[in-house]
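Quick note on the working numbering: the sequence shown kicks off at 1237 and runs consecutively.
Among the clues, some could well be false.
[Said to hold, decoys possible] EDC-like mimics (lysine to aspartate or glutamate), calculated; alpha carbons at most 16 Å apart, straight line:
{"hint": "1", "residue 1": "K1303", "residue 2": "D1342"}
{"hint": "2", "residue 1": "K1340", "residue 2": "D1368"}
{"hint": "3", "residue 1": "K1389", "residue 2": "E1409"}
{"hint": "4", "residue 1": "K1411", "residue 2": "D1425"}
{"hint": "5", "residue 1": "K1401", "residue 2": "D1351"}
{"hint": "6", "residue 1": "K1315", "residue 2": "E1404"}
{"hint": "7", "residue 1": "K1411", "residue 2": "D1398"}
{"hint": "8", "residue 1": "K1379", "residue 2": "E1404"}
[Claimed, not checked] Pair by pair, the computed Cβ-Cβ distance ranges are:
{"hint": "9", "residue 1": "L1395", "residue 2": "N1297", "range": "22 to 30 Å"}
{"hint": "10", "residue 1": "E1409", "residue 2": "S1358", "range": "13 to 21 Å"}
{"hint": "11", "residue 1": "N1245", "residue 2": "N1427", "range": "43 to 51 Å"}
{"hint": "12", "residue 1": "C1336", "residue 2": "Q1316", "range": "36 to 44 Å"}
{"hint": "13", "residue 1": "L1244", "residue 2": "N1427", "range": "24 to 32 Å"}
{"hint": "14", "residue 1": "W1256", "residue 2": "K1411", "range": "41 to 49 Å"}
{"hint": "15", "residue 1": "Q1316", "residue 2": "N1427", "range": "41 to 49 Å"}
{"hint": "16", "residue 1": "L1395", "residue 2": "D1425", "range": "17 to 25 Å"}
These aren't lab readings, by the way, just hints derived from the structure by calculation.
Owing to the predicted nature of the structure, the values given are computational and were not obtained by experimental measurement.
We put the CB at the ideal spot given by N, CA and C, even for glycine.
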Amino acid sequence: MMELSLDLNKRYTYADYLTWLDNKSRELIHGFIQMMSPAPRVAHAEVSQKISLHLGLYVFNNKGNCKVFTAPFDVRFPKQGETADDKIDTVVQPDICVICDSSKLDERGCCGAPDMIVEILSPSTLKKDVTDKFALYEESGVKEYWIVHPQAKAINVFLLQDDGKYDEGTLYELKGKVPVHTFNNYLIDLNDIFG
1237 MMELSLDLNK
1247 RYTYADYLTW
1257 LDNKSRELIH
1267 GFIQMMSPAP
1277 RVAHAEVSQK
1287 ISLHLGLYVF
1297 NNKGNCKVFT
1307 APFDVRFPKQ
1317 GETADDKIDT
1327 VVQPDICVIC
1337 DSSKLDERGC
1347 CGAPDMIVEI
1357 LSPSTLKKDV
1367 TDKFALYEES
1377 GVKEYWIVHP
1387 QAKAINVFLL
1397 QDDGKYDEGT
1407 LYELKGKVPV
1417 HTFNNYLIDL
1427 NDIFG
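Throw the hints in and build the complete structure from the sequences for me.
The structure is reproduced here in structure tokens:
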């Protein structure tokens, strides 16, 4: 396959993104390409699997309307309701996302803010998840954002407030339980995630 040459200083849209068929993982944040890390390490993958399993079982057992998706899964953030591919300049692939409004789902993923996003930190994604994606998810209206620290065995939970900003966050660590606010404060035991 021919090597795709993309300018990392140029702005692109989701329409451009759809033409990149070289099997490299990328995200677009405000039009700029962000290369994604290679496949995650085992600890990252295990934590992702356990969290998504807990969330999925909750939905299944409660016959809920929400759906749980894991990466790779495209989440597009349209600006001011502009959903045309050539108008969207932000598409990310969160580790885990929960979408409760089925009208946001289409055959290519999610168009609009998920109710909840979980990002699992690795050394290569630390700055992006804690700074860039935090700001992106906040401005896009993601109501609940988890930043998971596998090495520290901790989860920071941020909730969107009425002013459109995240609260200062709550840190859950060691052997506590973390509430899933999207699911009426359903509790997940951290030992089930990190044990």
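List of violated hint numbers, smallest to largest: 2, 6, 7, 12 and 13
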